[in-house]
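As a plain string of letters, each chain reads:
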Amino acid sequence: MLVGGVTLAVGFGTSTLRAASVIDNWASVKAPSAPELKPIQIDPKTTALLMLDYVKQICNAQRYPNCPARLPTVKKLLDQARANGVMVVYTGTTIPPSERTDIDPMVAPTGDEPFVKTVLNKFLNTDLEKILKDKGIATLIMVGQAAQGAVITTGSEAAQRGFKVIVAVDGIAGQDDYYEQYTVWHLGNAPLLANRVTLTSTDLIKF
Amino acid sequence: MYQTRHLLPLAAFAAVLSYAVPSSAETIIDEWPNVKAPPPPELKSVRLDPKTTALILIDLIKQTCNDQRRPRCVASIPKIEKLLAAARASGVTVIYTLFPSPSPATFPNPVIGDYVPALAPKGDEPVVTSFVDKFINGDKDTGLQKLLKDKGITTVVPVGATSHNGVLFTSVGAAFRGFNVIVPVDGMSGNNAYEDQAAAYTLTSSIVYKVTLTSIDMIKFQ
Numbered sequence: 009m010l011v012g013g014v015t016l017a018v019g020f021g022t023s024t025l026r027a028a029s030v031i032d033n034w035a036s037v038k039a040p041s042a043p044e045l046k047p048i049q050i051d052p053k054t055t056a057l058l059m060l061d062y063v064k065q066i067c068n069a070q071r072y073p074n075c076p077a078r079l080p081t082v083k084k085l086l087d088q089a090r091a092n093g094v095m096v097v098y099t100g101t102t103i104p105p106s107e108r109t110d111i112d113p114m115v116a117p118t119g120d121e122p123f124v125k126t127v128l129n130k131f132l133n134t135d136l137e138k139i140l141k142d143k144g145i146a147t148l149i150m151v152g153q154a155a156q157g158a159v160i161t162t163g164s165e166a167a168q169r170g171f172k173v174i175v176a177v178d179g180i181a182g183q184d185d186y187y188e189q190y191t192v193w194h195l196g197n198a199p200l201l202a203n204r205v206t207l208t209s210t211d212l213i214k215f
Numbered sequence: 042m043y044q045t046r047h048l049l050p051l052a053a054f055a056a057v058l059s060y061a062v063p064s065s066a067e068t069i070i071d072e073w074p075n076v077k078a079p080p081p082p083e084l085k086s087v088r089l090d091p092k093t094t095a096l097i098l099i100d101l102i103k104q105t106c107n108d109q110r111r112p113r114c115v116a117s118i119p120k121i122e123k124l125l126a127a128a129r130a131s132g133v134t135v136i137y138t139l140f141p142s143p144s145p146a147t148f149p150n151p152v153i154g155d156y157v158p159a160l161a162p163k164g165d166e167p168v169v170t171s172f173v174d175k176f177i178n179g180d181k182d183t184g185l186q187k188l189l190k191d192k193g194i195t196t197v198v199p200v201g202a203t204s205h206n207g208v209l210f211t212s213v214g215a216a217f218r219g220f221n222v223i224v225p226v227d228g229m230s231g232n233n234a235y236e237d238q239a240a241a242y243t244l245t246s247s248i249v250y251k252v253t254l255t256s257i258d259m260i261k262f263q
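Going line by line, the protein sequences match chains W and D.
9 is the number of the first residue of the first sequence in the numbering used here; add one for each residue after it.
42 is the number of the first residue of the second sequence in the numbering used here; add one for each residue after it.
Hints are computed from structural coordinates only; laboratory data are not their basis.
Yeah, the Cβ is synthetic: ideal placement off N, Cα and C, and Gly gets one too.
Hints may be right or wrong, so weigh each one.
[Claimed, not checked] Examples of chain W residues lying across from chain D (beta carbon under 8 Å, computed):
(1) TYR186
(2) GLN189
(3) HIS194
Model the full structure from these sequences, guided by the hints.
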């Protein structure tokens, strides 16, 4: 159910029972070791840079503080991508509503760079796959936010749809560090994804 | 005034410095050992209408739900078995899922007969197949949404493996399709506690969708 929708049709009470689950061991749970970031050489002709939700409604100091802080790093990657003829695709979200014109000026689209809009998984209810495949794109470099939202869902979906996915960890921002950490770990380790996702940083990407 | 004029460039320089810290010092990889888990989410008791509720068993097959591959999954089986029995006794719709093999040459496509025996389907309980989000498989609709709508289902209870893939993404997919989503934390399992923790936190902390976290003994069908 989307937040703001109709009231749940089930009865809820306060938690009083204890279950043997991860909730009981919550404080002792440790994250696995940090993954290794790998240098990567990409083919500009078959690669697209996917700029996820750099819209002012969520890329701001109140909502996702890491987002504005990372814009200069993303801007550098964006400039390199454009200089090498890499396709650039932008996304916006519907919660909250945003448009192409809401993208932060530092990394704003130019010319006819495509823009698609939906919440979370950017392949759902958009032409994103067609836009990419019509241009012969086989590899996606992903940056943006939110880590726990658009990044993890779109990255997972892209891998399932056969794209090679490159995630620049210094270009993603989440609601908190826990989310960023988990998103990185998930995309690099989850079943099916581990063989299709490369974790890297912007300075390790060579065009 | 003199001091102010001379401090302004310094302030500007400091601002530039603070914004231009090398990216390598700012990534989550650098912060990895220092990341703290958020507080645990609260589990809530639920009463569900059997006529409008579906229990979805996700990918609980012997190839992956075994002591060698995923002991946390094995540990969840008796609890899910109890929930399944209660659901069937109350007339709750039960739906099974499978996943297609990512490499059929080395890992044959799972079939419904691969379900762990304690949780095997009965009669004509339906099966849908997809990788992660059981509502879609790539660009194809699995038919799960229609299956649920045709039966008048408004609430789904996903359980199974893995917590951070099939359960998490199907739950989110269901929430976005307008279903009430109830996830028993002891009915989902990943490869380790970290995956279960992250799934529980993700399910309950979103600002764009709502999922209710509970435990199997806190679910009542009535």
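Mind checking the CB of W/TYR186 against every CB in chain D and telling me if the closest is under 8 Å?
6 Å, holds
Take the shortest C-beta to C-beta distance between W/GLN189 and chain D; is it under 8 Å?
5 Å, holds
Measuring from the C-beta of W/HIS194 to each C-beta in chain D, is the shortest one below 8 Å?
Hint on W/HIS194: holds, closest Cβ of chain D at ~6 Å, below 8 Å.
In terms of the numbered hints stated before, the structure departs from none.
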